[in-house]
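A.B. asks: Model the full assembly from the supplied sequences, consistent with the hints where possible.
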Amino acid sequence: MRKRIFMTAGANTISMGTGRKEFNPRKERAGLEEYIKEAGQAVVGQINDAENIDEIFIGNFMAGRYNKQGHLGGFAATIDPKLEFKPSLSVEGACGSGGLSLVSAIRSVLAESADVTLALGVEVQNTMKAIYGADVLASAGWFKKRKQGHAYFFPGQFSDRAGVYYEKYGFDYARKGLGRWFRNAIENARLDPTAQEFHNQVADLDGLYNNALPNGKYFVDHLNLYDCSKVSDGASAIIIASEEGLDKLGIGMEDAVEIVSYAQLTRNITNDPPNPLEMTTIKKTAAKALELAGISIDQVGTAEVHDCFSIAGILAVEALGLAEPGKGAAFVAEGNTSRDGIIPMNTTGGLIGWGHPTGGTGVHQAVTIWQQLTGKAGKTQINLNPDRPYGLSINMGGDDVTVVAIVYKKA
Amino acid sequence: MNYDERLQQVAVLGAAGKMGSGILLLTAVEMTDLSLKPENKGKTFVLNAIDLSDEGLAGLVDYLHIQILKIAEKKTIWLRQMYADRADLIDNSDIIDQYVEDAMRIVRPTTAMETSYRSHLVFEAVSENKALKVKLLQQIDSNNPNKPWFFTNTSSVPINLIESEAGLQGRVLGFHFYNPPAIQRLVELIVTKETLPETKQFALDYAKALKKVVVPSNDFAGFIGNGHFMRDALYGINKALELSKETTFAEAVYIVNKVSQDYLVRPMGIFQLIDYVGVDVVQFIMNVMNPFLKDEDLHSDLLDQMMTLGVKGGQFPSGAQKNGFLKYEKGAVVAVYDPSKGDYVDTASFSSKCDAFLGAMPQEFKPWKSAVRLSDKENHFTAYFVAVENMNTAGSKLAMDYGKNSDAIGRKLVADGVANSEADVNTVMLTGFFHAYGPINSYFN
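For the protein sequence lines, the chains are A and B, in the order given.
So the first sequence is numbered by our numbering: it starts at 1 and just counts up by one.
So the second sequence is numbered by our numbering: it starts at 412 and just counts up by one.
Worth double-checking, as some hints may not be accurate.
As the list claims (entries may be wrong) - Sample of chain B residues facing chain A (criterion: CB under 10 Å; computed from the structure):
1. E484
2. T487
3. I488
4. R491
5. L500
6. D502
7. D616
What the hints assert, rightly or not - Here are the computed lysine-lysine pairs in the DSS-like style, where the Cα-Cα straight-line distance is at most 25 Å:
8. A:K217 with B:K485
9. A:K144 with B:K486
10. B:K486 with A:K145
11. A:K410 with A:K248
12. A:K327 with A:K168
13. B:K481 with A:K129
No lab work stands behind these hints, which were simulated from the structure alone.
Each residue gets a CB set at the ideal place from its N, CA and C atoms; glycine is no exception.
C.D. replies: Encoded structure:
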């Protein structure tokens, strides 16, 4: 990095949707505007003066269809009137939009066009039934392949990956890893009051998971509903600033994390994944970020990975080099990614447990890492191994198309 | 003519009614699904929705649109396969909209009876009036060169009478849906001595396609469902009249309704069920059935009196309950009608007195909503009804007598040859009336 870049003052709204007690699809709910405002104001409340924010980036995937609203940059000033007449724009890269918002903010500070930026990510998806939401999400793939895809397009894509994984490594073996991934997600989410699965009280999560065998007649062939992330409304936001920027905000190093490196790579969306058993773009992007940081994966103490589906979690473990191909399921089943494992992952629940407001997810991951590395994680706080002081986040758009990897350490 | 061909030209008489609209919906969906089969591409499917009421038909179109949309949303995975050859239908929303459009194109709402003169299959769901049914079916049959099959939804009129009086000679059977047809899984199937085997086979295939539970009933007025319900209702009415010698009329109705709902763990009390079906319909069905019964008088002066007073129950087009014996606010009972006053008496003014008279409920009590979901209902109800009996309260005595009578009605239906088996009686009450346990049981002995 040309100069030191920091993140601080992160905030999340609740991830709203099925699972939350207060969620009622028949009643009017908060919209896009309220989520942007709530997350943004929660950040502004942690700094001395909104005037110090030089630029705003809003990550969002599909407000144009979910909410019939484009032009999200125009909502910055609803957070604080002092943000009016400042640069503000929205960025899109499907479910990687939040990560792109972070990357855009980082680049702006690196380019010295800003000292303090606000990176926000938002999505409000519960405006339509899931069967229509599937259409919206399908635009994260190539539309010309939509016709041949499944009614639930993305579950279909990852079901196909899971099917190949089962075939090569064994169904029961794989389901043990996937089921453990699900249990970890829910157990972590129960510790975070903003998580969508915070109210989940199912005693026997393994039993719940194992009794729901995939059934292609009702859903997809190789995944059940517990293998899937949630349909969520939510927003997350965080400050990305230079050292001077932190000074301006009156925020000390103890309340910030430093961005050690980042990488953002994109694969050709018109091609199928080169190998269904590998998240190739994640593999390349993570490797690049770790190389730029000059560290190995063994120095990473906690990671947020993009588990839009449990199989994506397992494949991410393999893509990060934590396990050989085919060994990811065992690595997870043995508890290595649970909160007291070697490398706790998705410590606030991830996309399956915390929720997946698509355009917000990348920013939520950064907020979680910031909370964990600065000791602000509340009941979700993990004990970071001093030999593994780094944090890592992997945010993905589409089926391994757009990937953002960021390496963090305590400032 | 095979199954698919038979369903290419269909008519529903009384299509805008409570039962007709449900039958029309289910048939429209079945016909649309058939039309999507590769071998049926290019064939025309016609479903004439015939009703006297223009207003009713307009409402029917709205109802169909909403319901077919919901059905399409639930089977989109299958629909994507069916529309795989349509390059223009890409998103789920495209496919769902197309399915609704295809279904609505099959349905032809009309007030003109003549449209049924080309039908191969006619569903009859007009009001429960034998003369009217006979007249309509005869008229269609004499003008229709296709020798159509007639499926009547009558819940009480013997099918052989319709058959002989309309001159249908084996081309009619009773296909009795329960209300609402789109939700209730039961169909009572009634054939006559003449009914053609292929007509019966088609009925079974059609019921299977609609995922219905078929219970055969023999051709006695009222069949199994009303055979039980009408007698059970009359018992409740007479029990209330008996009690009203000691209490007010409103109190007696409240007590019997509560005993039949709470103590007997049914989805509705007997007076609420009469209101749901309609006081007029209950009176009418009793009148249809009564001449065929030898050793009993299935008649209630009280129902006649209610009809004279214009208190009829039934439902609004929205499905909301109209006031009858009971008055409803947002579905909850708030008052009971008193014929001597010609007005409703608020339950709040007497319910605690009645509850005290009935006595406490046993601890084992679980309301119908949760009891119906129990995996081991047999054990639960055995223990529960032992506890009811042991309470030895006025409520428990009324409940035990009520249960015994309900059991006796069920056994009589088998003894009289209306039902082929006790299991059939129980299936009808479980699936057609949503009872949590069959009326023929050992709980009340």
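A.B. asks: Does each hint fit the structure? Answer for all of them.
C.D. replies: How the hints compare with the structure:
1. E484: holds, 5 Å
2. T487: Cβ of T487 of chain B sits 4 Å from chain A, so the hint holds.
3. I488: holds, 5 Å
4. R491: holds, 5 Å
5. L500: holds, 8 Å
6. D502: Interface hint status for D502 of chain B: holds (4 Å vs cutoff 10 Å).
7. D616: violated, 21 Å
8. A:K217 with B:K485: holds, 11 Å
9. A:K144 with B:K486: Distance ~23 Å between K144 of chain A and K486 of chain B Cα, so the pair holds.
10. B:K486 with A:K145: Status holds; Cα separation ~21 Å.
11. A:K410 with A:K248: holds, 20 Å
12. A:K327 with A:K168: Between K327 of chain A and K168 of chain A the Cα gap is close to 11 Å, so the pair holds against 25 Å.
13. B:K481 with A:K129: holds, 11 Å
When held up to the earlier numbered hints, the structure conflicts with hint 7 and nothing else.
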